[in-house]
Amino acid sequence: MTAIAHRYEFVYLFDITNGNPNGDPDAGNLPRLDPETNRGLVTDVCLKRKVRNFVSLDKEGAAGYAIYMQEKEILNNQHRKAYDAIDVKPEDKKLPRDKDKAREITAWMCANFFDIRSFGAVMTTGVNAGQVRGPIQMAFATSIDPVVPLEISITRMAVTTEKEAEAQSGDNRTMGRKHIIPYGLYRAHGFISAKLAERTGFSNEDLDLFWRALINMFEHDRSAARGEMAARKLIVFEHESAMGNAPAHVLFDAVKVQPARGDEAAAPRAYADYEVSIDRAAIPAGVTVRELI
Amino acid sequence: MGYGVRLKLSGERACFTRPEMKVERVSYDVITPSAARGILSAIHWKPAIAWRIDRIHVLNPIRFESIRRNEVGGKISPASVAKAIKAKSTAGLANYVDEDRQQRAATILRDVAYVIEAHFDLTAQAGADDSVGKHLDIFNRRARKGQCFQMPCMGVREFPADFSLLEEGAPLPGAHDSLRGERDLGWMLHDIDFERNMTPRFFRAQMVDGVIDVPPWHSEEVRA
Chain A
1 MTAIAHRYEF VYLFDITNGN PNGDPDAGNL PRLDPETNRG LVTDVCLKRK VRNFVSLDKE
61 GAAGYAIYMQ EKEILNNQHR KAYDAIDVKP EDKKLPRDKD KAREITAWMC ANFFDIRSFG
121 AVMTTGVNAG QVRGPIQMAF ATSIDPVVPL EISITRMAVT TEKEAEAQSG DNRTMGRKHI
181 IPYGLYRAHG FISAKLAERT GFSNEDLDLF WRALINMFEH DRSAARGEMA ARKLIVFEHE
241 SAMGNAPAHV LFDAVKVQPA RGDEAAAPRA YADYEVSIDR AAIPAGVTVR ELI
Chain B
294 MGYGVRLKLS GERACFTRPE MKVERVSYDV ITPSAARGIL SAIHWKPAIA WRIDRIHVLN
354 PIRFESIRRN EVGGKISPAS VAKAIKAKST AGLANYVDED RQQRAATILR DVAYVIEAHF
414 DLTAQAGADD SVGKHLDIFN RRARKGQCFQ MPCMGVREFP ADFSLLEEGA PLPGAHDSLR
474 GERDLGWMLH DIDFERNMTP RFFRAQMVDG VIDVPPWHSE EVRA
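Quick note, the sequences are listed as chains A and B, same order.
Heads up: the first sequence begins at 1 in the numbering used here, then just goes up one per residue.
Heads up: the second sequence begins at 294 in the numbering used here, then just goes up one per residue.
Treat the hints with caution; some may be incorrect.
Pairs of lysine to any residue, SDA-like flavour, derived with a Cα cap of 20 Å [stated by the list, open to error]:
#, chain 1, residue 1, chain 2, residue 2
1, B, Lys438, A, Glu238
2, B, Lys339, A, Glu238
3, B, Lys339, A, Arg199
So the derived list for chain B, only partly shown, Cβ under 8 Å to chain A, looks like this [unchecked claim]:
#, residue
4, Leu352
5, Ile355
6, Ser359
7, Arg362
8, Pro371
9, Thr383
10, Tyr389
11, Thr400
12, Arg403
13, Phe442
14, Arg450
15, Pro453
16, Gly467
17, Leu472
18, Glu475
Worth flagging that the hints you see were computed from the coordinates, not collected in a lab.
Note that beta-carbon positions come from the ideal geometry of N, C-alpha and C, so glycine has one too.
Work out the full structure: start from the sequences and follow the hints.
Written out as structure tokens, the structure reads:
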């Protein structure tokens, strides 16, 4: 597979209605908040997880599209079994000293695993060559406006243990909590380096798959906690040269998300309350803008 | 330093992890010379040159924020990869996130901006056609146009670093008032010595009116 030849940046807008896009383990699973601005946050790793899940659904383990970071399965015992592998000494925690061998291992992992090829992975400690830096880099997604997390109390018409039932003398009800935000439009920024793609073999087909994942991943990530999530806009900047033709922040600044009715005070509750515009005059020469959604 | 460069960096968040607190990451107060070198190398680097950081200008107030994330603890072992290559199958070669989950907090910096003053030395690997001028030109051209080998980051890749070249003679942006005066930032990582089995080397960082003078790599002040 030939690697991509252009540098890319992208602006990705997604929204959530009555759900929790990314719980904060530090705050009892409340939606993540930027404490200074009260804007919602979604971490980069949260979005990457969904990309991985989409690719593994879409490709169903097709050759070259395995996913290294799997969710919800049993831990492979391959790691332990591996110690009887012939070529590598088990106590050697670093990559094999033999550089060719190390390169072979890394290349094979890149060729077979989509997530290693695109996001990179750390293989073993110590030696730098054991780390794969992937071409795709994503930053935290932030909501356009401050969001207000609501705590919704819910009841369950059953209890878990006999003891609980006795304590309630047969009433058998428990209360639970759900954290939602009524509405939030989130904006994420991403970077794709052509030069790192060269090193991992991240190809144009991989790139198309990645765009498809961003467009469709929420459709396959429905759950009680998430509410309604949807990808709203994916604006891709393609640089003519591999090194890039413009600073990333200049491109990002050209994409503006504003209240549609100029009514800043009203609480936005739908995507229609926002207006997304691209200032095409501000895009330097050598950069092509594409709106994939 | 006639061949110096000045690069202005800014970012919403940053995490220059202290090595003594790297499990639940805690950032240094300011960018380390090592991270600054990484940012310069993300824009231009060849084996023929070695970046040296001379000075760090801190422009914004130092503020922290905490964030906790689910991470995985394990790494891929080369032995299992070798085995899979032999078996010609990726079956079983995966890291199952649920089984290997760790929740880690990170104390990170908010709204950072720096100016990095640096120069580079030619290394032993420099060939006949490597001249200081050539590499300096390439770097300046790229930094001016926003070109980079990969998007530079503020310590970790999820925090991208916006950069722009500070042209020669252009005035330095001033530091925030809260940075006035002298501040001892304690022992800070200078860089990792890759020639000596990756030994970290430290220096005593003193910030005077937002400016940190970084001692030369091989000076007395830098200790392993």
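Here is what the structure says about each hint:
1. Between Lys438(B) and Glu238(A), the direct Cα distance comes to roughly 15 Å. Compliance with the 20 Å bound is thereby established for this hinted pair.
2. A C-alpha spacing of about 25 Å is found between Lys339(B) and Glu238(A), which places the hinted pair above 20 Å, so the restraint is violated.
3. Restraint check: the Cα-Cα separation between Lys339(B) and Arg199(A) comes to about 16 Å, which is no more than 20 Å; the hinted pair holds.
4. Interface restraint check: Leu352(B) against chain A, minimum CB-CB distance 16 Å, threshold 8 Å, status violated.
5. Restraint check, Ile355(B) versus chain A: the minimum CB separation of about 14 Å is more than 8 Å; hint violated.
6. At its closest, the beta carbon of Ser359(B) sits 7 Å from a beta carbon of chain A; the interface hint therefore holds under the 8 Å criterion.
7. A distance limit of 8 Å between C-beta atoms decides the matter here; for Arg362(B) the minimum to chain A is near 6 Å, and the interface restraint holds.
8. The closest approach between the C-beta of Pro371(B) and any C-beta of chain A is roughly 5 Å, which is under the 8 Å cut-off, so the hint is satisfied.
9. Interface restraint check for Thr383(B): the shortest CB-CB distance to chain A comes to about 4 Å, inside 8 Å, so the restraint holds.
10. Because the smallest distance between the Cβ of Tyr389(B) and any Cβ of chain A comes to about 5 Å, under 8 Å, the interface hint for this residue holds.
11. Hint status for Thr400(B) relative to chain A: violated, with the closest Cβ pair at about 11 Å, above 8 Å.
12. Interface hint status for Arg403(B): upheld, as the beta-carbon distance to the closest one in chain A is roughly 7 Å, under 8 Å.
13. At a threshold of 8 Å, the smallest CB-CB gap from Phe442(B) to chain A is about 5 Å, leaving the interface hint in force.
14. Using the Cβ-Cβ criterion of 8 Å, the hint placing Arg450(B) at the interface with chain A is satisfied: the shortest such distance is roughly 5 Å.
15. Among the interface hints, the one on Pro453(B) holds; its C-beta lies about 5 Å from the nearest C-beta in chain A, closer than the 8 Å criterion.
16. The interface hint given for Gly467(B) is broken, as the beta carbon of that residue sits about 21 Å from the closest beta carbon of chain A, more than 8 Å.
17. A cut of 8 Å between beta carbons decides the hint on Leu472(B): the least distance to chain A is about 19 Å, and the hint is violated.
18. Here the hint on Glu475(B) is broken, as its CB sits about 28 Å from the closest CB of chain A, past 8 Å.
The structure fails hints 2, 4, 5, 11, 16, 17 and 18 (numbered hints given earlier, in ascending order).
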